[in-house]
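Participant: This is what each chain is made of:
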Amino acid sequence: MTPLLQVSHLVKEFRRGGWLRSGGTVRAVDDISFDVRPGETFGLVGESGCGKTTTGRCILRLIEPTSGQVIFKGTDLAALNAGDLRRARRDLQIVFQDPYSSLNPRMRAGAIVEEPLIIHRIGTREERKARVAELFGLVGLDPAQISKFPHEFSGGQRQRIGLARALALNPSLIIADEPVSALDVSVQAQVVNLLQDLQARLGLTYLFIAHDLRLVRQVCDRVAVMYRGRIVESAPANELFTNPAHAYTQTLLSAVPRVDPADRTERIPFAHEAYQPMALREVAPDHFAAI
Amino acid sequence: MNSTSDAPLLRVDRLRTVFTLPDGRDVAAADDVSLVVSAGETLGLVGESGSGKSVTALSILRLVMPPGRITQGEIIFDGRDLLTLDESELRAIRGRRIGFVFQEPMVALNPVYTIGQQIAETLTVHGLAHGRAARARAIEWLRAACVPDPERRAGEYPHQLSGGLRQRAMIALALCAEPSLVITDEPTTALDVTVQAEILDLLRELRASLGLALLLITHDLGVVAEMADRVAVMYGGRIVEEGPVADVFKTPAHPYTRGLLACLPGSADGRRLTAIAGTVPSLGQFPPGCAFAPRCVDRLPVCDTIPPGVTAPIGVESAGRSVRCYLHQPAAGGRG
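So the sequence lines, in the order shown, correspond to chains H and X.
Residues in the first sequence are numbered consecutively from 1, following my numbering.
Residues in the second sequence are numbered consecutively from 1, following my numbering.
In isolation and in its complexed conformation, chain H is listed as follows:
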């Protein structure tokens, strides 16, 4: 199957240090490659600073990658000029973690959802209004709330507004960067279910960036684990969680607190100092590990 998104040898370097001294560069994303297949949910997991969010932003070129290719539907996004990139982004949207800071507090909910349609000059005013009402229905918001401001909504509802905005242009890929981690546990499940319903209805593909391993196991088809800017392991979700091959993946899984005492396992420490980057190799069908 041709991948929808093909990331190859992506690198992002940031300059270290302040304006007084230059301290060289740090590789936030260090030569990573992965494919996302049409219709699947691909999980990118790791702890803070591992480079998962930077990867998501480099794909959209919200941050300019240092080098590498991002092939989306046959076009290298990393090589596009500004105009072509803007057109390509119609098909590739992002949902952010924080529903409190990612919505403009001075805009009404309806205007927030309508904005991408205006920017891309889609439809007449009437058609746009109808589309906004449709999108509100799609994400489970009452269209009567179109003229409310973001602060009048709960966190879960705000995340639905962000999702409606992302869906406005009928994208095929959505990058969801920690889409539920700012929400209460009882509300997380609603938003996760909505994401899955929308995927089934609209044939969406998700790049799901998260730190919550329990959630990733629940929603993802395939998962890549990132550590210090590199992918250390990738596999179908079930395979990764039942047969983790890399020591870091094993550490990560063993650290998750379990509600059921029967699920508890011994904690496996990880020797961060002794870590040496290695190339990925196939350890089982579709299961790659840097060991």
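Honestly, the hints are just simulated from the structure, not real lab data.
For every residue, glycine included, the Cβ atom is placed at its ideal position computed from N, Cα and C.
Hints may be right or wrong, so weigh each one.
[What the hints assert, rightly or not] Just so you have them, the derived chain X footprint on chain H, three or more residues with Cβ under 8 Å:
(1) 177 to 188
(2) 192 to 198
(3) 207 to 214
Given chain H, work out where chain X should sit, using these hints.
Facilitator: Chain X alone, transformed into the frame defined by chain H:
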């Protein structure tokens, strides 16, 4: 002044803490909260945002700031009612007899003093050590909290430490006066999962070696399951269920506890999660009856009238357990 063997270390009885809203209305952020922590025991207090768990912790420490105030109840710590003490008596208890660890060590630690100075100052204020001896003890506490290279770290400022190290320093600070009770409010929420595991291990070790009682406030049911002896579940300002953690999580009696456990990833087959409909009510928008009633699949007509009282649960292992739900009150139309 040590407590006698039977009396619990901490007993909170019918605590009510109200906040005055900008429109002049008084609303109870914690209402009719009763809980007990025995010496050496860990009680997990779980709830979502706005459930009243942090307000309960601040009330115990008498740190509720206006427009909030405690209007009712007793907080008996080691035989004395903290609500009757004056500020200087409280200062001798806070930090000395009751330690606390907050979610954000960056806020709780003073940015202009080194970690070592802050621990030494706590020892000095409580008259436990002075001068060079206090500085040496500070380094020992950092070592006890598994801070690597404690001699060097003691001379560093909070911003120089990573999140995990900062939380370790916060724990050293909370424990240095050897309190008998430590209140931790979301101590690992801001941390990565592997760092969280290390901090929880550290708390477990120190709890055992120092014989600490712990009031562990968190929204993470997994953390409670691994750390606590008993659990109290809060919703809408009230404790809705309480009991031994293994029993409560195995056979939850309150529909909210049941829903919370069911919506965790991995608890249902297939990909969909079992969601609780609706949203967590915010302060001032609690309904007149049971706060959970608008989201409850099992609600009875009586649930919308007045909040249910506390009873033993029916139909499950009930030893040491209580629940605040009409389903467990036969006279109200429950299961009985």
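Participant: Each of the hints needs a verdict: does it hold here or not?
Facilitator: Right, here's what the structure says about each hint:
1. 177 to 188: As far as the segment 177 to 188 of chain H goes, the hint holds, because 5 residues have Cβ atoms under 8 Å from chain X.
2. 192 to 198: holds (count 3)
3. 207 to 214: holds (count 4)
Against the hints set out earlier in the document, no violation occurs for any number.
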